[in-house]
Structure formats: C-alpha cells, structure tokens
Amino acid sequence: MSEELLTPNADNELTGHNYDGIQEYDNPLPGWWKMLFIGSIVYGVLYMVYYHNGQVDRSMLVEYQQAVAANLRLQFSEIGELNPDRETLLTYMDDVKWSAVGESVFITHCVSCHGSNGEGKIGPNLTDDKWKNVKTIEDIAKVVSEGAGNNAMPAWKTRLHPNELVLVSAYVASLRGTNPGAAKSPITGEKPIPPWDESQN
Amino acid sequence: MNATAVPDEEFGPTDSSSPEQAMRHETMESFRYDDKITRQFATATLVWGLVAFLVGIYVALQLVLPQLTFGLEYLTFGRLRPLHTNAAIFAFAGNAIFAAIYYSTQRLCKARMWSDLLSQLHFWGWQLVIVCAAITLPLGITQSKEYAELEWPIDLLIAVVWVGFFGVNFFMTLIKRRERHLYVALWFYIATIVTVALLHVFNNLVVPVGLFKSYPIYAGVQDAFMQWWYGHNAVAFFLTTPFLGLMYYFLPKAADRPVFSYKLSILHFWSLVFIYIWAGPHHLHYTALPEWATSLGVVFSIMLWMPSWGGMINGLLTLRGAWNKVTEDPVLKFFVVGITFYGMSTFEGPMLSIKAVNALSHYTDWTIAHVHSGALGWNGFMTFGMLYWLMPRIFQTPLYSKKLAEWHFWIGTMGILLYILPIYVAGITQGLMWFGLKETGQLMYPDFVETTQILMPFYWMRVLAGILYLSGGVMMSINFYRTWMNRPKVYEEPVYQAPALSKNYVDDPTPQSELTAVLEIGKKIDVWSKMAWHRRWERMPIYFTFWVIVAVVAASLFEIIPTFLIRSNVPTISTVEPYTPLELAGRDIYVAEGCYNCHSQMIRPMISETKRYGEYSKPGEFVYDHPFQWGSRRIGPDLAREGNKQSHFWHLVHLRDPEALVKGSIMPSFAALEKQDLNFRTIPDRVKAASYLGAPYPEDTLENSIAIAKLQAAEIAKAIVAQNGPEGLQDKQVIAVIAYLQRLGIDIYKTPATVALEEEKTAETIEATEEQK
Numbered sequence: 005m006s007e008e009l010l011t012p013n014a015d016n017e018l019t020g021h022n023y024d025g026i027q028e029y030d031n032p033l034p035g036w037w038k039m040l041f042i043g044s045i046v047y048g049v050l051y052m053v054y055y056h057n058g059q060v061d062r063s064m065l066v067e068y069q070q071a072v073a074a075n076l077r078l079q080f081s082e083i084g085e086l087n088p089d090r091e092t093l094l095t096y097m098d099d100v101k102w103s104a105v106g107e108s109v110f111i112t113h114c115v116s117c118h119g120s121n122g123e124g125k126i127g128p129n130l131t132d133d134k135w136k137n138v139k140t141i142e143d144i145a146k147v148v149s150e151g152a153g154n155n156a157m158p159a160w161k162t163r164l165h166p167n168e169l170v171l172v173s174a175y176v177a178s179l180r181g182t183n184p185g186a187a188k189s190p191i192t193g194e195k196p197i198p199p200w201d202e203s204q205n
Numbered sequence: 028m029n030a031t032a033v034p035d036e037e038f039g040p041t042d043s044s045s046p047e048q049a050m051r052h053e054t055m056e057s058f059r060y061d062d063k064i065t066r067q068f069a070t071a072t073l074v075w076g077l078v079a080f081l082v083g084i085y086v087a088l089q090l091v092l093p094q095l096t097f098g099l100e101y102l103t104f105g106r107l108r109p110l111h112t113n114a115a116i117f118a119f120a121g122n123a124i125f126a127a128i129y130y131s132t133q134r135l136c137k138a139r140m141w142s143d144l145l146s147q148l149h150f151w152g153w154q155l156v157i158v159c160a161a162i163t164l165p166l167g168i169t170q171s172k173e174y175a176e177l178e179w180p181i182d183l184l185i186a187v188v189w190v191g192f193f194g195v196n197f198f199m200t201l202i203k204r205r206e207r208h209l210y211v212a213l214w215f216y217i218a219t220i221v222t223v224a225l226l227h228v229f230n231n232l233v234v235p236v237g238l239f240k241s242y243p244i245y246a247g248v249q250d251a252f253m254q255w256w257y258g259h260n261a262v263a264f265f266l267t268t269p270f271l272g273l274m275y276y277f278l279p280k281a282a283d284r285p286v287f288s289y290k291l292s293i294l295h296f297w298s299l300v301f302i303y304i305w306a307g308p309h310h311l312h313y314t315a316l317p318e319w320a321t322s323l324g325v326v327f328s329i330m331l332w333m334p335s336w337g338g339m340i341n342g343l344l345t346l347r348g349a350w351n352k353v354t355e356d357p358v359l360k361f362f363v364v365g366i367t368f369y370g371m372s373t374f375e376g377p378m379l380s381i382k383a384v385n386a387l388s389h390y391t392d393w394t395i396a397h398v399h400s401g402a403l404g405w406n407g408f409m410t411f412g413m414l415y416w417l418m419p420r421i422f423q424t425p426l427y428s429k430k431l432a433e434w435h436f437w438i439g440t441m442g443i444l445l446y447i448l449p450i451y452v453a454g455i456t457q458g459l460m461w462f463g464l465k466e467t468g469q470l471m472y473p474d475f476v477e478t479t480q481i482l483m484p485f486y487w488m489r490v491l492a493g494i495l496y497l498s499g500g501v502m503m504s505i506n507f508y509r510t511w512m513n514r515p516k517v518y519e520e521p522v523y524q525a526p527a528l529s530k531n532y533v534d535d536p537t538p539q540s541e542l543t544a545v546l547e548i549g550k551k552i553d554v555w556s557k558m559a560w561h562r563r564w565e566r567m568p569i570y571f572t573f574w575v576i577v578a579v580v581a582a583s584l585f586e587i588i589p590t591f592l593i594r595s596n597v598p599t600i601s602t603v604e605p606y607t608p609l610e611l612a613g614r615d616i617y618v619a620e621g622c623y624n625c626h627s628q629m630i631r632p633m634i635s636e637t638k639r640y641g642e643y644s645k646p647g648e649f650v651y652d653h654p655f656q657w658g659s660r661r662i663g664p665d666l667a668r669e670g671n672k673q674s675h676f677w678h679l680v681h682l683r684d685p686e687a688l689v690k691g692s693i694m695p696s697f698a699a700l701e702k703q704d705l706n707f708r709t710i711p712d713r714v715k716a717a718s719y720l721g722a723p724y725p726e727d728t729l730e731n732s733i734a735i736a737k738l739q740a741a742e743i744a745k746a747i748v749a750q751n752g753p754e755g756l757q758d759k760q761v762i763a764v765i766a767y768l769q770r771l772g773i774d775i776y777k778t779p780a781t782v783a784l785e786e787e788k789t790a791e792t793i794e795a796t797e798e799q800k
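Read top to bottom, the protein sequences are chains A and B. In our numbering, each residue carries its 1-based index in the first sequence increased by 4. In our numbering, each residue carries its 1-based index in the second sequence increased by 27.
The following block holds chain A by itself, in its conformation from the complex (with noise of 0.2 Å):
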C-alpha cells in the first residue's frame, strides 16, 4: 500500500458536514478512478459502434455460421459428403479415424438407451446378433433416421448431419460382434441376422 494511502494527513479541509457525528473529506476524486470511468464509457461508445454500426454485420450468428462451416469442413472436406448406402457403411465401419467421429455421435445421443457399449438399457442390445427392424446394414442408417417402434426410437434426422448419421450407423454396426459386460439379453421372438457383410436386400 503506498505511503499515500497510510497518512491521514494527505488530506484536503473537512467540508464541515457533521451527521450524528460523521464528519466528510472534501478530498477530489482519485485521478485514476476518474480516468477509468472516462475510458470504460469511451469504450462502451466504441463497442456499440464497432458491433451495431448497420454496416458490417459482426453479430454472434454470423461468427457461428462461419464457425459451423468452419467445423464442417475439418470433419468432411475429406470424405465429402457420404449417402446411407451399404459399401459406404461397410467401408466407414472399420475406418478407425472416422469410426471415432460415430463413436463421438453415440456417446452424446445413444448411451442413455443403448448403452456406453450398446450393450442395451432401455433399448435393445446393439453387440448381439438379433436385431428389431433391422435386416441389413443399411437398416441401421435407416432406424436412425426415421425412428422407429412409435418413437420408442427416436429419429434423428432433424438433428444429426447427414454424415454424422452414416458414421454413427456405421459405429453401431462395428458393434455387433463385441462383448460389452452385462449385456441386455437378446431379444425374444427375433431370428439372428446375417453378418452385415452377406446381407443383401
């Protein structure tokens, strides 16, 4: 604290208010106090001017617009843009670096039903060879899409991007085969599918 601070006699008269004893310094306004309030109201008319001038749009969406177009673009300026069909679920199953983006998509939507490892929850058991609504493996892009059992599966189109829908069909197809611990048991009544390799529609 600096010396100017600790001596009581730096000060300027008493103005000679006296409230129930209380006495006030007619001491003028810090320099600095002064002169940050001046700046942050400087500032303030810069910042309304530099963001709501009616010129050059710099509002929030424009950056997230870009921000989308920006992530789009790191994730499938690759692959471009991939159709729900079997070579392509079959070729983006075993692709360990775009596996992980279907992973990644799982994780967020699936694993409250399915399961962390689609062993099943609520919804049925992903690792196992018996499958509801589910024939082929361009099925499963399918399920996903549209939803399926009156909503029991929900559908995704609305909210997923397209290649993000075919990259979690195809994660959700390398699951089959696994054996995640504490599987849901398979479902009754279904018959086992073919690999998804010798199905064919």
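The hints are simulated quantities; they were obtained by calculation from the structure and are not laboratory data. Worth double-checking, as some hints may not be accurate.
[What the hints assert, rightly or not] In silico lysine to aspartate or glutamate, DMTMM-like type, Cα no more than 25 Å apart, as pairs:
1) B/203 to B/143
2) A/146 to B/774
3) A/146 to B/642
4) A/125 to B/474
5) B/645 to A/61
6) A/161 to B/474
7) A/38 to B/375
8) A/188 to B/754
9) B/715 to B/604
10) B/645 to A/67
11) B/550 to A/17
12) B/557 to A/30
[As the list claims (entries may be wrong)] Here chain A is said to cover these stretches of chain B; the calculated rule only asks that three of the stretch's residues, wherever they fall, bring their Cβ under 8 Å from a Cβ of chain A:
13) 282-292
14) 319-325
15) 671-681
Just so it is clear, CB atoms sit at the ideal spot from N, CA and C, and this is done for glycine as well.
Got chain A sorted already, so can you dock chain B onto it with the hints?
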C-alpha cells in the same frame, strides 16, 4: 472500538450541529429513538441467517448425495434451492438492511421513526412473508423466476409491507427530520426503497390461475428480459445500495474517522443508480435475446466498474490512519474484508459480462462462486460487522466475548475462501469440458454426466466451507444471546433535543469559479463541479427522490420499450404452436418442481452447444412460454430440444430413477409423479389463462380441454405399455410431464403441412370424443 456500551455519546442531548440553527435560538424539540425495532430486526437477521446457511448446506449436500431427498418431493433441490436463495436474500440480508436502516435513519434524521405502528407492521409483515415463502416453496408453489419465485398473493403482501409500511414510514421520517441535509447513507436507502418497489411490481405482473398459480403477462424473450432486469437490479438495489448505505453509516462510526470524499459519494451514487439498471441483459448473452440488448448489457456493465469501486475506495480510504484499529477490532475486520469482497465481485461482474468470458462462465459454477463471494463476503460480513457494533448499543451492555467475535471472523473468512476457490475451479473446469472439441471437430466430452462427475471433490469442499461459515454464525448467535442475557432490566431511552427545521433556511452561497482565462462555459463547469447544486438537493428529500426515480425509470424504459415494440426482436415461426392442454399441465408441473434450477432450455449458437443439444434456440420458439424456462445453471443438460429425443418409457424410468439410465447422475428421483394423480379439472383454467395471454387455441380446445388432455394422456400411456412399461398411468402426473418434455423444441422441424395434418387429427379426435358423449 472497545467492547463497552457506547450509547450515542457522539452528540449529546444539547447538541445542535449546525451553527445557523443555534444562532436563531429556535425552540428545541425532545425525542427518543426507537431501538426496539432494531433489536427485533437484528434478532430476525440472526435467526434467518442460520436457516439460510443450513438450507444452503443441505442443498450443497444433495449435489453430492442425491439420495438425501429421501424420496420426498418437498425436499428436492429444485424446490429447496429457491428456499435457500430467498432465505439468504430476503430473510437474512433483508432483515439486516432493515436493522441498519431503522437504527441509522433515526439518528441521521434526528427523529424517531414516524410511526411505531408502521415499524411493527413492517417487522411482522416481513416475517410473515418469509414464513409464507418457507411454506410455499417446498410445496412447489412458485413462479419460477429466480429471486421472484413467490406466488402472487405473497407478492401482494410484499408490496404492501414494502411500500405501505416501510416506504411510508421511512419517507415520513425524512419529511419530519430535524437534520437539514440528507447524509449519503440516506440517499442509498431512498434508491433502495423506490427501485425495489418498481422492480417487484413490474416483474410480477401476472394472470392468476387460482390462488397458488399464475402466468406472467410476458412470454419467452420478453419475460426473460424482464426477469433479468429484475434479477440483476435486485442484486443492485437489495444487496448493494442498502449495504453501501449501511457501510456509510456504520464504518465511519466504528472507525471514528471522517468519510474519505464527499464528492466521490455524490458521483458514485448517481452513476451507480443510473448505470446499474441497464446492465441486466448481460445475464442473457448468446441467448435468443436481441443482440443489441446484450451489447448494452456489456457496455453498461463495464461502465459500472468504477461507480462500484467508488464505494469501495470511499470505504477503505476512510480507514486511512485507522488501520491500527483494524487489528484490534473485529467489527472493522469484518468491514474491511466485506468491502474487499465487494471490490472483487464488482470487478468480476463486469469481467463476466464480456461476451467472450461469459460464453465460458454462463451456466457453470463460476456464476455460483461469483454470487457467493458477494453474498458471503460482502453481504454476510457487512451484516456481521454491523451486528457486532450494534450488540453493545442495542442491549446496552458490553459485548459478551470479543474473542468469540474474532474467532467468528477467522472461521468465516476461511469458510468463504474454501467455498469460492473450489467452486471457481469447478466452474471453469466444467465450462472448458463443455467447450472441448477434438481435432476432428467432435465433442471431447460427449457424455454430459462426465462433466458433473468430475466436480464432486469440489462440491465436497463446498459442503465443508458451508459448515465453517455456519459455525461462525452459531458463534455469533451465542455472543448475541449472552450479550442479550446481560441486558439491563429496563432499557434506557435517552432523550435528545434538536430544533425543528426552520422554514427560512438560506443555502450557503454558490461558490465562484477561481479559474481565470477560460471560456464562460469552463467557469460554469467549474462551478457545477463544486457540487453546491447537489448540496441543495440534499435538503429536499422529495425532489431528491424524484431524480432517483427519473434515473432508474429513464434507463429502464430505454431498454424495455424497444424490447417490447420492435417486432424483428422476435421473428415469428409459423410452425410454432401453443402447448396442448396436457402439455400445459405438464409444463406447470415442470415449473413447480423447479426443474429450471438445474436444466436450461436455451441452446446458444456455439458449435459445442449445437453438437451436444441440437439447433440453437430461436426467439420465436418461446412465444407461448409463460413463464420462460431458460434457466441459468446447467447442473444437468439443456432440455430445449428434449422433445422426441428419448422414448416415453425412457422418461418414465429416468424420472423414477435417473441413475438407472445415466450412471453417475445426481438428479433426484421424481417417483412421486408416477403415484400422484393429475388434476384434470384445473386444466380448463390453465388453457383459458394461456388463451387470454395470446395462445390462439381454437374454440373446441377451450371447451373440451379436459377430454383432449385425457385423450393425449391415454395415447402416451398406451405407448409406454407398448414399450414394455407399466400400465395404468394415464391419469398420473408423470404423463403430463412426459407430454411436455416430448414437445420441447420440436416445432421448428415441423412443416406447415404436418401442422395442418395434426390440426385435422385434433379436430377428428374432438369429434370422436363428442360422439362418445
């Protein structure tokens, strides 16, 4: 200060502080001060303080041990968190400022309170409000607006107590005063009383739906705007200005030092009062609020920094030459730390209002740490300091134990630090985890619960901190009680004398400018800056109050009018439709359970948010939301696009036992919803109120709302059975909640064609039900 009784020796019965009065030999009037009311408010402060701290610890514990609700719906976090905030703000801090105001106003005005009856009505009325809050909030009776949760009958009571009892009594005391000029503490009290009244009334304009339920007249974006205009300024005018007034009286008294700068008092008072009002929209950065409004929130918050610090420097610099006293006196220790926390949180506030910082901090514990540095540090410690100073005076006996007060100070300080430091870390950690994107552009922590699980060690530290802070409160209670035990049999009520204010007062002459060689305008500014004009205002309380009102109203209207009138602020979305009768009933349960305390419904336009939750929220999606449910903290994930994201059955199981589906979830069980019947008979009132507020329901819906609701409930119940769920849920509350959750955020994906189809379907079902009749 030593801990002996010093009943107002500063000016004796024969004092007449201004020479001009003494010269005129005016007749002296005799009066006594009412200290009973101060004793009452001081006691209430202590009692409710302990309650607020205890409930705080309990809800903090629930975040680490969610099973502590014991399955009782009255004890869930969503219902008790508002009880904690209301108890801390309105019961603890509220009674503290009343104690301060009643004690100091009488002495600063040299007058007893105008009416002892009004003082008593104020005291008991306010305690009644608090008791009503303590009963209704656990029952789920709430408006769901933060710090304005109490329902409309209690709001009316608050208005009567605040304006009719407190306000009238205070202003009449000002008018009947015997001190010519108003001291700065009184300016702050004036600003408090008029602005809180204004905020309270305009944020609580509602359409009642029965005695315990109402819908605000504002919807969505506008409701959010009004709420945070209120919420921000409740902090300003309930937790800041009255405490500054408290500081300006009790700090110079305790330090026995003149206030540092009268000029600074003037400037920081007016700038604070004028600028504070504008800053509310900074609570809504990146939301669907129009961006011009949030930008105003940024710049006025930055401008608010120095006006706030004006109070801090005027407080701390008043202690120049008295720092040696601070080492000996617990009262001054509390004040110094309190003012320091005020300085820190009023620096942090403007910093958090910068959009880039807010993007990280919003919805996280950073905000919680910020408010607790203000509440525990500034409000709490200023209150404790004041109470320790008051105890020997109001009980007219030495303080029972100065040593215990010292212990309170140190344990309280440790409690604050142990609270805020881990919670800052928690907030920043969670914010960064939400933001985190992998190199491939995907979320780094896609599973939300992972970002809450990591906070558990910090939450445990907070529990410990709360226990420390509460222990301090208990020590103070012991001190208070033992001091009270030592009180005299009969309290002395010294008689004071002062002349009444004469009518023919002449102001000091306006000072002349000493500047030479400047333009005339320069001289005028120089004269103006000597503030003689303000000295004149200080002897005219009504005129002074008028300008305070102008300052707060003008600033408010500059933001409120455009928010309501500019249509482009809320672009219409044609597919967004009103809630169905069942969804409306479900929404009201969602509100009553206080879900907004943990779940936001506002997805910000940021990659990390839209990847996790879906398309960002649009202003037009909330036009039927009375009240808005955007929330302010994500202890759980955002729900703005929860509709159709899970099956009905999933929601049923999840509400019953969240951990069964989300491992590590800290959401309490809402199993009671599955047992309790939905009261279908109240639905027509709800639908009619919503219709009155602008929801375009067709005539059929208004007439057959019960039948329509039952039909939708039956459909959902059937679907749950089809998904292997239990039977017989069609008349339970949980069905309405699921109906509401499944509706959230799906309307923007509809096409006009599907909407038409749905309408047709509804018409058909109505026909079908009518045939059934």
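Between the alpha carbons of residue 146 of chain A and residue 642 of chain B, is the straight-line distance 25 Å or under?
21 Å, holds
Please work out if residue 38 of chain A and residue 375 of chain B have their alpha carbons no farther apart than 25 Å.
20 Å, holds
Assess, step by step, whether the Cα of residue 125 of chain A is no farther than 25 Å from the Cα of residue 474 of chain B, and give holds or violated.
Distance ~16 Å between residue 125 of chain A and residue 474 of chain B Cα, so the pair holds.
Is it true that the CA of residue 146 of chain A sits at most 25 Å from the CA of residue 774 of chain B?
Judged against 25 Å, a Cα distance of about 22 Å means the pair holds.
Going straight from one Cα to the other, do residue 550 of chain B and residue 17 of chain A come out at no more than 25 Å?
22 Å, holds
Per the coverage rule (Cβ-Cβ under 8 Å, at least three residues), is the segment 282-292 of chain B covered by chain A?
Result for this restraint: holds, n = 9.
Does the structure keep residue 715 of chain B and residue 604 of chain B at a Cα separation of 25 Å or less?
Between residue 715 of chain B and residue 604 of chain B the Cα gap is close to 16 Å, so the pair holds against 25 Å.
Satisfaction of hint between residue 474 of chain B and residue 161 of chain A, Cα-Cα up to 25 Å:
Holds, at about 20 Å.
Take the C-alpha atoms of residue 203 of chain B and residue 143 of chain B, compute the straight-line distance between them, and say whether it is at most 25 Å.
14 Å, holds
State whether the coverage of the segment 671-681 of chain B by chain A holds or is violated, taking the criterion as 3 or more residues with Cβ-Cβ distances under 8 Å.
Since 9 is at least three, the answer is holds.
Are three or more residues of the segment 319-325 of chain B within 8 Å, CB to CB, of chain A?
holds (count 4)
Below or equal to 25 Å on CA atoms is what counts here, so check residue 645 of chain B against residue 61 of chain A.
19 Å, holds
In terms of the numbered hints stated before, the structure departs from none.
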